[in-house]
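Could you put the whole structure together from the sequences, leaning on the hints where they help?
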Amino acid sequence: MSEKPAIEVKDLKVHFATRAGTSVRAVDGIDLVIPNGSFHGIVGESGCGKTTLARTIVGLQKETAGQVVIGGRDRAEWMKSDRKSFSRKVQFVFQDPLGSMSRRQNIYQTLEEPLLIHGFGSAEKRRNRIQELLDLVALSSTVLDRLPRSLSGGQRQRVSIARALALNPSILVCDEPLSALDVSIRAQIVNLFTSLQKRLGLTIVIVAHDLAVVREVCSDVTVMYLGRVAEEGITRPLFREPAHPYSQALLSAVPSANPLIETTRKRIILPGDPPSPSNPPSGCRFHTRCPVAFEKCGAEVPSLREAPHGGKAACHLATSNKRPIVD
Amino acid sequence: MTSQVEPLYAINDLVIDLYAATVSVRAVDGVSLHVMPGETVAIVGESGSGKTVSTLGPLGLLPEGVTVDVRGTAKAGGKDLVGMASARLSQMRGAYFGVIFQDPISALNPMLKVGPQLAEQARRFCGLSHEAARKEAVSLLARSGIPDPEDRYNRYPHEMSGGMLQRAMIALALAARPKVLIADEPTTALDATVQAQILELIRQIQRDNDIGVILITHDIGAVASVADRVVVLYAGQVAEEGSVLDVLTSPVHPYTRGLLASVPDFRAEDRVEAHEIPGLPPNQIKLEPGCRFAERCEHVEPQCRVERPPLRTIAAPGTPHRVACPVVIRREGIAVQ
Amino acid sequence: MTSKLKQIKDWPWLVLSPVVIFVLIGIFAPWIMQYNPAAQNYDATLQGPSWQHWFGTDYLGRDIFSRIVGGARISLVAMAIVLVAALAIGVTIGSFAGYVGGRVELVLISVIDIALALPSLVIALALIGILGTGYWSMITALTLAWWANYARMSRAVVTAELQQPYIEAARVMGASHIWIFVRHILPHVLGLVVVYASADAGALVLAIATLSFLGLGVAPPTPEWGQMLVDGMSYIEEYPRLVILPGMALTLVVVSFNLLGEAFALQKVPRPVRGGLLRKRRRARAEEEQARQAAERKAASA
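Quick note, the sequences are listed as chains A, B and C, same order.
With the first letter of the first sequence counted as 1, position 256 gets the number 256 in this note's numbering; the numbers rise by one all the way through.
With the first letter of the second sequence counted as 1, position 114 gets the number 114 in this note's numbering; the numbers rise by one all the way through.
With the first letter of the third sequence counted as 1, position 55 gets the number 55 in this note's numbering; the numbers rise by one all the way through.
For the record, the hints were derived by calculation from the structure and aren't laboratory data.
Note that the structure is a prediction, hence the values are computed from the model and not measured.
Note that beta-carbon positions come from the ideal geometry of N, C-alpha and C, so glycine has one too.
There's no promise every hint is true.
Cβ-to-Cβ under 10 Å is the rule here; a few derived chain A residues that face chain B [said to hold, decoys possible]: (1) I189; (2) V213; (3) S252; (4) P259; (5) I268; (6) P274.
As structure tokens, this is what we get:
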């Protein structure tokens, strides 16, 4: 069991039909292997399909084609035969902690709900478990009789993490868990994630557009562009020398808090907006905005190949010892 | 020193109380700040720190459904906005100030095409004719970096992407040729690569028009990239202010230090655990004496809890660097002017 | 529990009290009535108000006060039965349509829309035409005329709530459909529908009176306001109170239910603080500020 990766995504496609009769290809052919115990980041701009990918992994979204395998078991099959045991294995943390909790339930009821659904012991046992969960996310028990609305953003996200952990899952998938939080609170939650991962041995997948946070906490990272994987690898080396021109642009857009660096450093400003995922460009999807594109890029889809940083990049110009440089 | 030049917008000792159904909140508690022509001032703080209320409050742009009491002065163009009749205030708001909101879709009328909304602004506040206003609107769209402005002129807001809408919003804010541009979290809702574009645009507009820009944000990176001066607010009070270089590279107030340390340095080589400021900001419902940050501060001394820390100017040629923390100033032997 | 009690204190008692009084009168009618409302007394017909007969008597010598109180009970009971039945049917059909979605929803929506397109009184009249007159056929007719509104609202609430992320959160936790519906959706549906029903109750009392007025509802000699109006019509010139008193009772009930519904609906809208409360809060704030300044001055001088 332990040799099997926590999550395998095989040629996954998720398309949405629109009213106009076209289909939005939110996720369009993704392969991904996330080993047990890793802290994996999925990054990209809005519309790249990263949230759809995360939702499909946990079964909130049905796949159009392809397969998601969790711990060696086909997810679709697993959910059909035993939803409850699947939800004890994989849990999801939502972007908006307030929206993900019923506004009518206080925190005690919110945390108790998963335990009730899974018939977890007596009222006394549930109470103890809730106390354990509060300790785990460093919340005081005074929050228990309050409504989600009356908590601060950071407290809410702690509650929503505690709820996700209530059933002792081994995989936690988080959709932009920090974007609704203030900067100083973000650091608290980031540290909470890293400490939880160490203490509980979780596999954590985090969807984010804040690359600084991803660099801080994630061991591995996948960069997505328009429903495809642009680049993947170990976070530090990949961020140091990104092979895909898109990753280079994305990384250069991250501002620095130091005005000396910030006002002098070079940044790559990409022309235009990302194309619509309902009508993606032919060939390499990035070629319409890519500063180093050539004829082949518009004609042929680049496969994921070895890149200098040890991971993989989907760029015709990248090889295991050479990468295109955009400036 | 450029003391002869009048500030475009100067808030002095501003106090704003909000009375909602169940609570009274002191949203702004004695804030002074100003913006000079050709200057970009960043107001930094967490949600609830009063950064939006202090800047937009005197303009009458406040949440609905609460009673607002404003004290102090907010001078713009030789007039005090506090206590101004609402009709004159709205004229002032249109002609003197341009405001960019976080969420562009809520600022543009979804039922009207983008271009005519811009032309209407230009006509109302600059007295342009129909034809001239139309030309001005197209040129505004072009200057805001919107490709094919003639075509976009006839588009509805929902036909444009987030980045394009934010540009249209900026064009709208500029339509009346304001003296002061207030950007309230202009890039928060946008993607990283688009954020960079928008910040570049704001910088460029500022240079070309020599207006004053107030950037309200919690994004330290945005501050570092566009602002000249920065004011750090905490719980409705100024914690620290000064040039961006001074404040961001040698912060003094423990809150500013904590805030900067909690932003991971993206380009640092080694991995450091994100620094966290413990606890939560105060709720500002009860007025308590002393420093608002005392509860979360690692340097706290007994006097911090009883005495409001005065804003002291510390050694700084050029832009004064002011800090409301006598404890750190004393402990680190920083010279006070 | 204590928080529940505290909430009761915060209720809008001013608008609530007329409705509560009406309900109490309806419930305790048998003890309030001094006379049997149907008992005729030919020795005391058409008397004016007196200690024996507070509101006087009608042309058959029946005590008008007792008849109005008895009418309140009849209205209350009929209204309650119709409301409960209409709510049960409406909420069930509407929620089912909203939750299941797809083709089932489309079919049910069409049924609801057709029911809504016809004025409820017209439906009621048509149904009474089929069922014949009488108390229970009036109840049935009104129920069938009234459910569609609640069905439409229930469906709207269900559809809106289903979009909320917390429903997805419950799905991820492994909750079944029934769990989600009963624990999360139903409370929201009932929350809205019951508020609406409280405003609707007035209209329903009026409809019951209307049908009885037309002779299609409660049959004599049962005391009923609509029927008392008909009875009094022939004496309107000489003894206008025979019409005015039941009319006033009816108006009061309808108005107070409408006010109640409006109060409920506006409860959630935030309003600026005004008047005395604002003065009080400003004074409290000023005092707090002075206290703070004093404390800081003391600290500075020490």
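Against the structure, the hints:
no., hint, result
1, I189, "9 Å, holds"
2, V213, "7 Å, holds"
3, S252, "8 Å, holds"
4, P259, "4 Å, holds"
5, I268, "8 Å, holds"
6, P274, "8 Å, holds"
Hint violations for this structure: none, all hints satisfied.
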